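*Asks:* This is what each chain is made of:
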Amino acid sequence: MIEVKNITKTYGAGDTAFQALKGISFDIQDGEFVAIMGPSGSGKSTLMHILGCLDTPTSGTYKLDNKDVSKMDDEELADIRKDKIGFVFQAFNLLPRTTVLRNVMLPLIYAGVDADEREARAEKSLLAAGMTEAHFAHKSNELSGGQIQRVAIARALVNDPSLILADEPTGNLDTKTGEIVLGTFQKLNEEHGRTIILITHEPDVAEHAQRIIHIRDGEILSDKKHPQRKARHHAQ
Amino acid sequence: MNINDTIQETYVALSANKVRSSLTILGIVIGISSVIALVSIGQGATKSIQTSIQSIGSNLLVITPGAQRSPGGFGVSSGRGNAKTLTADDATAIASVANVSAVASEVAGRYQVTAQGTNTNTTVTGVSENYPAVRNVQIADGRFVNDSDSNSLTKVAVLGPTTVSDLIPDGTEPVGQTVRINGIQFKIVGVTVAKGGSGFTNADDAIYIPLKAAQRFLSGNNYVTTIDVQAASADATTQVLNDATQLLLDRHHITDPTAADFSILNQADILASASTITTTLTYLLGAIAGISLLVGGIGIMNMMLTTVTERTREIGLRKAIGARRSDISRQFLIEAIALTVIGGIIGIALGGAISLGVNATGLLTTSISLSSIAMAFGVSAGIGIVFGWYPARRAASMNPIEALRYE
Chain A
0 MIEVKNITKT YGAGDTAFQA LKGISFDIQD GEFVAIMGPS GSGKSTLMHI
50 LGCLDTPTSG TYKLDNKDVS KMDDEELADI RKDKIGFVFQ AFNLLPRTTV
100 LRNVMLPLIY AGVDADEREA RAEKSLLAAG MTEAHFAHKS NELSGGQIQR
150 VAIARALVND PSLILADEPT GNLDTKTGEI VLGTFQKLNE EHGRTIILIT
200 HEPDVAEHAQ RIIHIRDGEI LSDKKHPQRK ARHHAQ
Chain H
0 MNINDTIQET YVALSANKVR SSLTILGIVI GISSVIALVS IGQGATKSIQ
50 TSIQSIGSNL LVITPGAQRS PGGFGVSSGR GNAKTLTADD ATAIASVANV
100 SAVASEVAGR YQVTAQGTNT NTTVTGVSEN YPAVRNVQIA DGRFVNDSDS
150 NSLTKVAVLG PTTVSDLIPD GTEPVGQTVR INGIQFKIVG VTVAKGGSGF
200 TNADDAIYIP LKAAQRFLSG NNYVTTIDVQ AASADATTQV LNDATQLLLD
250 RHHITDPTAA DFSILNQADI LASASTITTT LTYLLGAIAG ISLLVGGIGI
300 MNMMLTTVTE RTREIGLRKA IGARRSDISR QFLIEAIALT VIGGIIGIAL
350 GGAISLGVNA TGLLTTSISL SSIAMAFGVS AGIGIVFGWY PARRAASMNP
400 IEALRYE
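As given, the protein sequences belong to chains A and H, one line each in that order. The first sequence begins at 0 in numbering that gives the first Met the number 0 and counts up by one. The second sequence begins at 0 in numbering that gives the first Met the number 0 and counts up by one.
Treat the hints as calculated values from the structure; they're not laboratory data. You may find that some hints are simply not true.
Said to hold, decoys possible - With a straight-line cut-off of 20 Å between C-alpha atoms, the simulated SDA-like cross-links for lysine to any residue are:
| no. | chain 1 | residue 1 | chain 2 | residue 2 |
| --- | --- | --- | --- | --- |
| 1 | A | Lys70 | H | Arg324 |
| 2 | A | Lys83 | H | Arg323 |
| 3 | A | Lys138 | H | Asn398 |
| 4 | H | Lys17 | A | Ser139 |
| 5 | H | Lys17 | A | Leu94 |
| 6 | A | Lys138 | H | Gln7 |
| 7 | A | Lys138 | H | Asn16 |
| 8 | H | Lys17 | A | Thr97 |
| 9 | A | Lys138 | H | Arg323 |
| 10 | A | Lys138 | H | Ile400 |
| 11 | A | Lys83 | H | Arg324 |
| 12 | A | Lys70 | H | Thr9 |
| 13 | A | Lys83 | H | Ile400 |
None of the values given here were measured: they were computed from a predicted structure.
Sequences are here, hints too, so could you generate the full structure?
*Replies:* This is how it looks when you write it as structure tokens:
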């Protein structure tokens with residue numbers, strides 16, 4: 000459950016101050032699949048950083064699971080990210096020269112989960128993200144772009160987060176591979192009830208979500224349900 | 000993060016850039032190994048100088064004739080040992096000073112010595128019976144000269160091992176052979192045990208003959224060139240020195256101590272000043288080696304700063320998935336410490352090998368102390384902490400958003 004109330008974000012001060020977000024409010028229920036759309040410079044990256052607890056708003060409140068995280072310091076935010084948020088980035092998702100399994104286990108290592116349990120959980124989320132056991136011992140640089148994104152999804156899942164945040168997850172992929180990756184998100188949402196926020200500038204990508212929030216110039220342009228969601232790509 | 004995870008992460012990170020890691024380690028290896036090797040050489044030199052000073056005897060005072068300073072300051076001072084002011088009677092008198100355990104007189108000079116077609120130029124010392132006890136000379140074969148030889152002016156000689164090999168053909172028993180010293184025939188009655196070179200003189204290249212024979216046949220007068228006094232204990236040397244000085248001043252009718260016609264060297268003083276010199280030398284060598292260790296440490300810092308910059312996105316990713324500042328700083332600090340500790344271990348081994356190599360050349364006996372190994376190891380780990388701290392802090396304080404955006 001996410002409650003965003005009248006969030007603003009201002010960079011700089013005085014004459015050079017720039018307001019990236021000008022009062023954004025919305026709620027996202029558990030189990031929703033929301034796309035946040037907007038052109039570059041619209042403030043969607045800033046919003047993503049705040050939703051992902053990488054940054055705090057200048058004013059307004061952000062409640063994640065009824066906890067106000069908008070005034071937390073760096074170390075508290077790090078703990079929130081560790082426990083409640085899973086990230087999938089556009090690029091550089093995995094540690095180089097490190098096995099798939101270890102990459103997925105990384106959040107659990109920081110969370111202090113013991114070796115046996117974290118391996119079991121990493122394997123489970125890799126399978127849920129559509130990876131096969133044959134890939135577990137591969138190094139991250141031996142994978143294709145689509146595989147890398149699915150390993151990143153598995154890592155985002157592994158700490159059982161309240162929210163999965165995907166920032167342009169298909170930006171570096173061809174259309175077909177991108178569809179497979181988006182299908183994976185859809186499956187996690189439909190079958191496992193995962194809450195997913197997808198940040199994108201491509202309408203095609205946003206089509207996979209149940210709800211689309213349009214942002215422009217730091218304000219919400221529209222916030223609509225999207226019932227005729229795009230069919231899930233069943234690659235595997 | 001537990002120890003296993005930390006080791007694994009460190010291994011992956013360091014092996015990612017093997018050449019760079021190895022070169023950085025090499026800097027530490029050179030620093031640590033030069034500290035170990037040079038300090039061991041310095042300590043070995045200290046030890047060998049001390050041993051050779053102690054090999055001339057223990058608790059020893061050496062009295063030589065010669066003015067310490069001429070009255071009025073205008074007189075010509077003759078070289079110490081050349082003046083003729085000490086006699087065997089002085090030695091006898093000193094023997095009665097409290098806490099003196101033995102006194103020996105010497106008349107030394109360099110003479111041409113020949114035997115069966117070979118010849119050499121060596122130090123011939125006329126000595127009294129106490130000489131071996133006072134100057135720590137041991138007999139390998141035969142016997143030493145004694146006072147009855149001296150009183151009867153018997154022409155007998157004891158040779159040092161170097162002199163034996165110079166004069167007597169290999170395989171011939173030296174005792175019973177004869178040598179000619181300054182043209183006068185002496186019968187060999189003994190050979191001393193090899194002592195090795197001691198500083199500027201070689202105690203093995205020597206011939207000992209009875210004191211009175213030396214005075215009669217070689218020097219032609221009744222003076223002695225050295226009186227060796229052995230004090231009963233190390234604590235008593237100062238008292239013996241003072242008493243012997245006063246006694247000789249009285250015997251020579253000198254009232255002003257600065258006008259004394261003899262000088263007394265205290266072995267303990269020689270030992271102490273030699274120790275001071277060699278210890279300073281050891282510190283100096285260690286300090287020079289320490290500079291290369293410092294340079295190695297800066298190499299570590301340089302590499303870690305490069306690594307932190309290169310891995311900015313990795314740091315951003317780790318922070319995004321929940322790593323705290325302490326997780327990041329620990330990771331980079333441990334990488335730096337791993338580099339220096341690996342370098343330290345290799346450096347200790349290499350330094351030890353160099354030290355053993357120097358030992359094997361026979362020029363110097365080196366000694367590696369456990370404390371210098373422990374210190375080198377501690378210093379290398381410390382360098383990792385000191386020079387790894389700043390890069391680690393820089394990594395830990397990165398803003399995750401900027402780190403993720405970094406190209």
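*Asks:* The structure should be examined with respect to each hint, and the outcome stated for every one.
*Replies:* A quick look at each hint next to the structure:
{"no.": "1", "hint": "A:Lys70 / H:Arg324", "verdict": "holds, 18 Å"}
{"no.": "2", "hint": "A:Lys83 / H:Arg323", "verdict": "holds, 15 Å"}
{"no.": "3", "hint": "A:Lys138 / H:Asn398", "verdict": "violated, 27 Å"}
{"no.": "4", "hint": "H:Lys17 / A:Ser139", "verdict": "holds, 19 Å"}
{"no.": "5", "hint": "H:Lys17 / A:Leu94", "verdict": "holds, 17 Å"}
{"no.": "6", "hint": "A:Lys138 / H:Gln7", "verdict": "holds, 14 Å"}
{"no.": "7", "hint": "A:Lys138 / H:Asn16", "verdict": "holds, 16 Å"}
{"no.": "8", "hint": "H:Lys17 / A:Thr97", "verdict": "holds, 16 Å"}
{"no.": "9", "hint": "A:Lys138 / H:Arg323", "verdict": "violated, 25 Å"}
{"no.": "10", "hint": "A:Lys138 / H:Ile400", "verdict": "violated, 26 Å"}
{"no.": "11", "hint": "A:Lys83 / H:Arg324", "verdict": "holds, 18 Å"}
{"no.": "12", "hint": "A:Lys70 / H:Thr9", "verdict": "violated, 34 Å"}
{"no.": "13", "hint": "A:Lys83 / H:Ile400", "verdict": "holds, 18 Å"}
Comparing the model with each numbered hint stated earlier shows that hints 3, 9, 10, 12 do not hold.
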